[in-house]
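Enquirer: The chain contents come next:
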Amino acid sequence: MRIKMKLMYLTIVCTIATVLAGCEPLLVLDPKGPQAKTQADDIMLSIWLMSAIVIVVLAILIFVLIKYRASNQSEDYEPPHIEGSPLVEAICIGIPIIIVIFLSIVSVESNYKVEATPAGYEDQEPIVIYASSSNWKWHFSYPEQDIETVNYLYIPANRAIEFKLYSYGPITSFWIPQLGGQKYAMSDMVTTLHLAADAEGEFMGRNANFSGAGFAENTFEVTSMSQADFDEWVDEVHETADPLTDEKFEELLEPGHLGRSTYTGTHLEFSPAPEHDHGSTDSEVEEPKQEDHTDHESGKQTNHDNH
Amino acid sequence: MDFFNRFAVPHPSFLIYGAMVSIAIAMIAVVVGITYFKKWGYLWREWLTTVDHKRIGIMYLIVALLMLFRGGVDAIMMRYQLSMPDNTFLDSQHYNEVFTTHGIVMILFMAMPFITFFFNYLIPLQIGARDVAFPRLNALSFWLFFMGAMLFNMSFVVGGSPDSGWTSYFPLAGNEFSTSVGTNYYMIAIQIAGMGTLMTGINFITTILKMRAPGMKLMKMPMFTWSAFIANVIVVFAFPVLTVLLAMGTMDRLFGTNFFTTDNGGMDMLWANLFWVWGHPEVYILILPAFGLYSEIISTFARRNLYGYKSMVASMVVISIFSFLVWAHHFFTMGQGPLTNSIFSITTMAIAVPTGVKIFNWLFTLWKGKIVFTTPMLYSILFIPLFTLGGVTGVMLAMSAADYQYHNTMFLVAHFHNVIIPGVVYAMIAGLTFYWPKMFGFMLNEKLGKWTAWLLSVGFVLAFIPMYITGLDGQARRMYTYSESTGFSTLNMVSFIGAAIMAVAFALLVYNIYYSIRYASRDIGSDPWDARSLEWATHTPVPEYNFAIIPEVASTEAFWDSKKKGHELFKGKIEKIHMPNNSPLPFIMSCIFFVFGFSMVFSIWPVAIIALIGILACLTYRSFEKDHGRYISVEEIEETEAKLRGAKK
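Respectively, the protein sequence lines represent chains A and B.
Just so you know, we're using our numbering here: the first sequence kicks off at 64 and counts up by one.
Just so you know, we're using our numbering here: the second sequence kicks off at 1312 and counts up by one.
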């Protein structure tokens, strides 16, 4: 029985170790940007620390089970009555407290990191992209470039990106695992997600929050490219794409799945984002810019100011 | 015709029609069977109108086991659907309904009645009482819960199941995006069942505070009673939030209010917040009694007293307080900002400390013990490492920055199953095996029981460990399908195999019950495990008055002391015993609640109003009813005691 159990845990530990360290890296543990890197580091740190705890508990358990099993003891052994010892219990409280304090410090530090302009890009002006979801699509509006795409996202590599997230409908969650963790997009406020890609390449992006029948296929493709390629793409869009009209946008919002499409102009002009002074995730540098958007684009909101 | 159309299931399939036919056949079989064996009178007198806490407990158990299998079938269907890429076994709508009902059924209609079964059956016995404080309220609790559960399950065949997840986040669950009556069922069925739970909470707090045997100070209560007391305090604080939340949701869906809608000032994040203000304490309502059961079992089979009694109690009190301070960790990604996230991250991690204390106390209870590997003990021993694994992944999830990557993925699914299955489900089966002889007078087969425990654990590891990995590889939860190119297929197939093994384990549990009913020895006495607390001091089967003489208690392990140290439990002589009368009112009133709920779901207002009047009439009748209970005479008690092989003196 004990051997079976040992074997079982050995198998678990081996499986985890092989897969984590193994041939094909898992998306989350294969970061391509500073935010995802911070998160992957936290994850690996906690995995090692937590493995140590599991092993200690397991070791104590196996030891007491072997040593104090009834078949290992004389017939007339009568277990003693032990109330508990303050010293032992203090240790049992003390060590977990130390671990929790340590992890809290790491966690708080990372919180502030992932909620600010990515490390190494602080001196840049971030590019602002509005990412809004509708059943079951993603709309990406580039106000500075004055273009809009559906279901695909082109970004310049080595540049801070500030995503402004909101939803036409159910709560969704904007997630590009290799660039960083997710954040909700909701219908009555705008949330901000700071990301950056350290490398050029193609990444998977999706809505991670269940949003109804078409949820599984609610994905988008992310391509990170050099600034020059990005500028070239913007110019090309301005030359070739149709302008996005109010009617066309209404059509796009209809529930369903669509392929990729590209437009000049953004829907922000006629269907502005639900921005108001939520302001929880913006770093100080970006504050004036944020207000700027609010002034120009927030026509819809009247009753949200008092949240 | 239009009127009847809305009762149809909106997305019928072969599976649903098959289920309809089998439900109809099963119901006809039950009715015919009861009529043939002339059991209607027995059913009415002994069960439907009973106020006996033991019988009510057993009815909770029956519902919990039935729901376990319903939720289990949902689980197997999901695992099969995901075992292969682009599988077409379930379409998106069905998959969404299946994971929604799986969650609700398992948490609210399986785990909750299972622990309530233990509250009902054990607490009066453990504290040396003859019933709960409010026996009739207890019956009402059960029947309301039962009718809520039945109403919810009806959604499967009439009108369509809810499909917005067990969390039912708005605006997805609002009229705009969820057009079937499924979410109406969610709002109203859970409301009715929830009222029952709230009453249970009040009832057991009163019972534990007011009805303990003489000498049983608070710090001399058995650990399960302590855990149940704290869990019921959490119920009383948390369930009113659910009541209000469901009322708001019902109004949004039926009366056009805008609490959670996307426009007119509705706030979609309000639902998520209120839901988890109830939802997080809810998981502690489930886990604390499970901890209590483990404490009883581990100390019994280590043949030792529980190590660190005081710190066990203290840690549960701390957990119960913290359970109300962590709800935002269910949506770190909502954009509250780093300060809020940091606070909730720290409070969440802090829960690991009292939980760790409990784990170490169990380990130290084994220390210097004389460990006997019975089936309940095997579950408890498997629980320790598996639950620790679930606990430490919980600490990982509590790190809010990293949670941005875990959130909404299979990693999270793996985590909460990793705490709920070894934590709650193992405790339920362990407790059931442990207390089975007390309830039914024979033991479950040990060999089959151990096989079940091992199969369940192997299946569990295969089913859920791969999810940690696919989660980190970007598999979001609640996806009904994925493509070959994602590379999720191998590990999902492993998960399905694990789930299938778990299904075999549960089938083996059923077979064990059947086998033991047929072949197990009936000559086991009233204390087959050589146990330690008061519930084992009475006869098996337990007479309706529990104890002919109320026991006197001087320590946490009164029964053990009476066996080993010559402590005298039953002093004094038999006197007549006052017992409550049976009453049909809780059952009738709950039936009217069922009608009320059903007509609310389908907005059939005249019937709803008539039913509401009926409910008020029942309440009024009860207010003016005079019922002083009845007495069991000394002769009758002596006769019963003699029949149960001599009264203990």
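If you are wondering where the hints come from, they were derived from the structure by calculation, not from laboratory data.
Be careful, since some hints might not be right.
So, partial list: chain B residues that the calculated Cβ filter (under 8 Å) puts toward chain A [said to hold, decoys possible]:
1) R1317
2) P1321
3) H1413
4) V1624
5) V1664
6) M1710
7) S1711
8) A1713
9) L1723
10) E1947
Calculated pairs, DSS-like style, for lysine-lysine (alpha carbon to alpha carbon, straight line, at most 25 Å) [what the hints assert, rightly or not]:
11) B:K1884 <-> B:K1937
12) B:K1531 <-> A:K130
13) B:K1887 <-> A:K130
14) B:K1521 <-> A:K130
15) B:K1875 <-> B:K1521
16) B:K1679 <-> B:K1521
17) B:K1521 <-> B:K1681
18) A:K130 <-> B:K1758
A short, non-exhaustive set of chain B residues, derived as facing chain A with CB atoms under 7 Å [stated by the list, open to error]:
19) I1695
20) L1783
21) R1789
22) Y1830
From the three backbone atoms N, C-alpha and C, an ideal C-beta is built for every residue, glycine too.
Enquirer: Hint validation: L1723 (chain B) versus chain A, beta carbon distance must be below 8 Å. Holds or violated?
Expert: The hint is violated - L1723 (chain B) has no Cβ within 8 Å of chain A, the shortest such distance being about 10 Å.
Enquirer: Below or equal to 25 Å on CA atoms is what counts here, so check K1887 (chain B) against K130 (chain A).
Expert: violated, 51 Å
Enquirer: With a cut-off of 8 Å on the beta carbons, see whether E1947 (chain B) makes it to chain A.
Expert: violated, 40 Å
Enquirer: K1679 (chain B) and K1521 (chain B) were given as a pair; does the straight-line alpha-carbon distance stay at or below 25 Å?
Expert: violated, 36 Å
Enquirer: May I ask you to test the interface hint for H1413 (chain B) with respect to chain A, counting a Cβ-Cβ separation under 8 Å as satisfied?
Expert: Violated, about 13 Å.
Enquirer: Going straight from one Cα to the other, do K1875 (chain B) and K1521 (chain B) come out at no more than 25 Å?
Expert: Violated: K1875 (chain B) and K1521 (chain B) sit about 29 Å apart, past 25 Å.
Enquirer: Regarding the pair K1531 (chain B) and K130 (chain A), is the alpha-carbon distance no greater than 25 Å?
Expert: Not OK: K1531 (chain B) and K130 (chain A) at ~30 Å, beyond 25 Å, violated.
Enquirer: Classify the hint on A1713 (chain B) as holds or violated, based on whether any CB of chain A lies nearer than 8 Å to its CB.
Expert: Result: holds, 4 Å to nearest chain A Cβ.
Enquirer: Return the status of the interface hint for S1711 (chain B): holds when the least beta-carbon distance to chain A is below 8 Å, violated otherwise.
Expert: With a minimum Cβ separation of about 6 Å from chain A (threshold 8 Å), the hint on S1711 (chain B) holds.
Enquirer: Against chain A, is P1321 (chain B) within 8 Å by beta-carbon distance?
Expert: violated, 12 Å
Enquirer: Can you confirm whether the C-alpha distance between K1884 (chain B) and K1937 (chain B) stays at or below 25 Å?
Expert: violated, 31 Å
Enquirer: Would the hint on R1789 (chain B) stand, with a C-beta cut-off of 7 Å toward chain A?
Expert: holds, 4 Å
Going down the numbered hints, you'll see the structure goes against 1, 2, 3, 4, 9, 10, 11, 12, 13, 14, 15, 16, 17 and 22, while the others check out.
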